[in-house]
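A.B. asks: Listed below, chain by chain, are the residues.
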Amino acid sequence: MAASSSSSRPQMGRNAGLVLGVLVLAALPLVLGASNYLLGLFISALILAGISLAWALLGNLGGMVSFGHAAFFGVGAYASALISARLGVPVLLAIPLAGLCAALCSLAMLPALRLSGPYFALAILAYAQIFRILATEATWLTGGAAGLQRYPGLPTIFGFDLSTRTGSYVLLVLLVALCALAYVAIRRSHVGTALRAIAESEDATRVVGVNSVMLKAWMLLLSAFMTGLFGALNAHIIGFLDPDYAFSGVWSVMPIIAAIFGGYRTILGPVAGAILIYMFDQVVAKSLIAVGHQILLGILLAVMILVAPNGVLGLFKRAKGGNRHAEA
Amino acid sequence: MTDLILQALFSGVLIGSVYALVALGLALAFGAMRIINLAHGELVLLAAYMAYVVESRTGLDPYMAIPLALLAVCALSALLFLMIDRIREHRELNSLILTFAVGIILTNGLLLLFASDMRSTTSPMLQDAISFGNVYAMKGEVIAFAVSLVLMTILWWWLKKSWYGRAVRAVSSNRDAAMLMGISPVRTELVAFLAAGALASFAGIALYTMSVIQPAVGHGLTVKAFIVTVLAGVGSIPGVFLAALLLGVTEALTVTLASSALQELAGMVLFLLVLFLLPNGLFGARARRG
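Sequence order for the protein chains is A and B. Going from the first sequence to the working numbering is simple: count from 1 and add 620. Going from the second sequence to the working numbering is simple: count from 1 and add 34.
For the record, the hints were derived by calculation from the structure and aren't laboratory data. Just so you know, not all the hints are guaranteed correct.
[Said to hold, decoys possible] Partial list, computed: chain A residues near chain B (C-beta under 7 Å):
#1 Leu727
#2 Leu730
#3 Pro731
#4 Leu733
#5 Ala746
#6 Ile925
#7 Leu926
As the structure is a computational prediction, the values presented were derived from the model and not from experiment. Just so you know, even glycine gets a beta-carbon here, dropped at the ideal spot from N, CA and C.
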């Protein structure tokens, strides 16, 4: 817990500076007039950044590894498409509702919280498969394997067309920033303190009257909600859904690699990791190996765990600040 | 109709015996190191592909691939162990992610080498049907079932009687106490991983001779092995065997009575039911798992 152990005022100021710096960085592609192709890449990378952040929140605060975030992503995507198309709900309202649907689905996973550590990770993996099969089989609702096509895209608000590449990009930057801020707020709160204590010793924390299962459940819910939001947003940007895409294992695998690469115990790590990993995968790996390019990501993940389990940001921190907050 | 159901029960039992081998490998490594090897299904699949290579390139029997598969899979299993053993911080979490990464590497490696085409044995001898009254089985299935039974007996004997088997059980139940008794935990864990690799090799070749393989199958096998261990609860070999048969039969019945698209879902539903209603598994009486 190196990054979260001190939360004094100067750090707050530093974080504010960091947020500002990130926003300036985020504005760069727009200012420099990036091509639509490049903006498209960034949009996909930011979707991944959102999921990675949600994954890291569960991993860092909740102490749980999830191998099934595709479930939340897919449920968010389908829920938003269906809510906006069938019920006529405005898209910008449908997206948070879809997030709620994803959180609702995570309720079904709560019994799995009784399983500790590795068993929980595997249970989530099983859940992700269940949701994919359900989406394929429930043809009356989802259109089955043929997919969903006719649902509204992002709207125009205050004369700003969100469905353009620029509009989607700005919306995504804001949403990722919002999620990051929510994450920071939780980490600073009493809940964050309690969660850190649980990570140290769950039994001891229970003894002093902290309902650890409840807190972990909330983290799962929140992580699912955030992932659902990005699934929904992605659905409206892409304009086409089928179960193999929406529930693809990619949505479970990529956030893990991105968060581990960047450093999942930091907040900036997963976001930066997602953008770097996505670009690497799309631009470098895919051109080297057409089918099976994920092998490079797998190797990267294995090497990171063995060499720098705290991610690239963790490496920097260690180089800069000695080894002050050495981890247990 | 009854004939169809009987046939489904029979086929389910046969494939279930292979699931049992896969699950026992997973459980063995977990018992020794408290680490779930998420690449276990891929190790099984690797052995299956070796059988495919031997059969398609040399025209030999797939069983001739056993020495090669044992060598390769056990070597890989040992390598995996050495990597896991290097992890110092947050072992539980990081080793899970590491084995997951190895699974990705293996799946995509197999995809690169063999494309995503489905493969199965072409040996007419193995595909020969044998009839048992009104139900039928391929010769390959019957051999796989018999081999599974033999292997499970050997494993049971090994864990019960041999020095290393006892060491594995000792380390599983109390690592520190085992160490005080002069057992080297690291060497014992390595032995457990090697044994898991050997089980995976046989399971893979059995799988190839009785079923269809494809790079994506490995991941599914890991999930199935996991479902079996949850069903079985705190493990004994007969418990795992029965749970694996139950999974195999459930899947086969679903295919016969509903559709093959729902096959995987059936196993999952079974898993959820047990998770909700009997959190200690079907055969486990002890309190907390994991």
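A.B. asks: If a hint holds in the structure, say so; if it does not, say that too.
C.D. replies: Each hint, compared with the structure:
1. Leu727: Given a least distance of 13 Å, the restraint on Leu727(A) is violated.
2. Leu730: For Leu730(A), the interface hint is violated, since the closest Cβ of chain B sits about 10 Å away, which is over 7 Å.
3. Pro731: holds, 5 Å
4. Leu733: This interface hint is violated because 11 Å lies over the 7 Å limit.
5. Ala746: Holds. Min distance 6 Å.
6. Ile925: holds, 5 Å
7. Leu926: Holds, because the Cβ-Cβ distance from Leu926(A) to chain B comes to roughly 6 Å (cut-off 7 Å).
In the structure shown, a violation is registered for the earlier hints numbered 1, 2, 4, in ascending order.
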